[in-house]
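S.K.: Sequence:
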Amino acid sequence: MAFASRFLSKSKQLCMARNLLPKDRVIAVRYFAKETVPAPKGLKGDEMLKGIFLEVKNKFEAALSVFRQEKITIDPDDPAAVQRYADVMKMARQKAGLMTESEKINHAIQTQTQGIPDVRGYLEALQEMRIKRGLPDDLGIEAMMFESLEKVEKEIKKPLMRNDKQGLARLTAEFDKGNKRLGVSRKELPKYEEQLDLKIAKAQLDSLKKECVDAMEAQKKKEEFNDEPMPDVKTLDVRNFL
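Going left to right, the sequence shown walks through residues 0 to 241 as numbering that gives the first Met the number 0 numbers them.
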């Protein structure tokens with residue numbers, strides 16, 4: 000582990016905790032660089048920034064406390080390691096009061112599609128979000144939804160708008176038929192959500208493994224490490240770097 004400790008910087012190992020925090024709530028360090036200098040009274044903006052900073056700091060420390068206690072194996076090809084990683088991330092989010100990956104997606108859908116008036120634009124936005132997050136559509140649900148929309152728009156002879164209650168009722172009926180063909184049931188939504196969380200966990204472990212390997216290979220090129228073998232990523236204990 001001594002070699003591994005020299006190999007990997009803390010910034011790489013902290014990426015799990017860093018990624019937990021909402022990017023729009025992270026305040027640049029420069030805002031607090033002169034914290035020791037008394038601020039003029041009555042600056043509500045400064046107080047607000049300090050409040051946000053403390054909130055982010057507390058959430059970060061809460062999540063980090065979980066990572067210091069719980070062991071994670073960096074092996075995205077091992078289902079047990081992926082499940083363990085997902086469980087630890089869930090514990091960290093719960094302790095820090097943060098959203099799960101599924102909740103983040105639902106929130107993103109709500110906020111990023113608010114101003115889209117038509118159903119086609121809405122589905123295209125969902126497709127773009129799925130692709131950006133690297134989530135596969137193994138069941139072909141996306142294609143089914145677009146096919147259903149095509150059918151309904153041909154029947155009503157106009158683009159389907161999101162405020163068209165009758166048109167949406169037709170579309171929902173078509174979705175139900177498509178889901179039945181694909182073997183998808185609304186009753187099993189919790190199961191699908193769990194599968195989604197595991198897919199996201201595997202993708203994050205893949206990314207973490209790549210960062211670790213890249214960091215070690217970069218260090219290996221330095222003369223001081225030439226005589227030392229590069230450890231297997233799976234043997235690294237993240238807790239030793241926090």
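Please keep in mind that the hints were generated in silico from the structure rather than gathered at the bench. Remember, it's a predicted structure, so these values are computed and weren't measured experimentally. Check before you lean on any hint, since a few could be wrong.
[Claimed, not checked] Here are the simulated SDA-like pairs of lysine to any residue, each with C-alpha atoms no more than 25 Å apart in a straight line:
#: 1; residue 1: K186; residue 2: Y121
#: 2; residue 1: K157; residue 2: G177
#: 3; residue 1: K103; residue 2: Q218
[Said to hold, decoys possible] Label pairs and their computed distance ranges (CB to CB):
#: 4; residue 1: I108; residue 2: P78; range: 24 to 32 Å
#: 5; residue 1: E192; residue 2: R161; range: 44 to 52 Å
#: 6; residue 1: D76; residue 2: Y191; range: 18 to 26 Å
#: 7; residue 1: D45; residue 2: G139; range: 46 to 54 Å
Positions of the beta carbon are idealized from the N, C-alpha and C atoms, including for glycine.
S.K.: Taking the hints in turn, state whether each one holds.
M.R.: Here's how the hints hold up against the structure:
Annotation: proposed proximity of K186 to Y121 holds, straight-line Cα distance about 24 Å (limit 25 Å). The suggested pairing of K157 with G177 holds, with an alpha-carbon distance near 22 Å, which does not exceed 25 Å. About 36 Å separates the Cα atoms of K103 and Q218, which puts this hinted pair outside 25 Å; it is violated. Between I108 and P78, the C-beta spacing of about 28 Å keeps the proposed range 24 to 32 Å intact.
The supplied range of 44 to 52 Å is broken by E192 and R161, whose beta-carbon atoms lie about 24 Å from each other. For the pair D76 and Y191, the supplied restraint of 18 to 26 Å holds, since their beta-carbon distance comes to about 23 Å. For D45 and G139, the hinted distance range of 46 to 54 Å is satisfied, since their beta carbons lie about 53 Å from each other.
Hint violations for this structure: numbers 3 and 5, all remaining hints satisfied.
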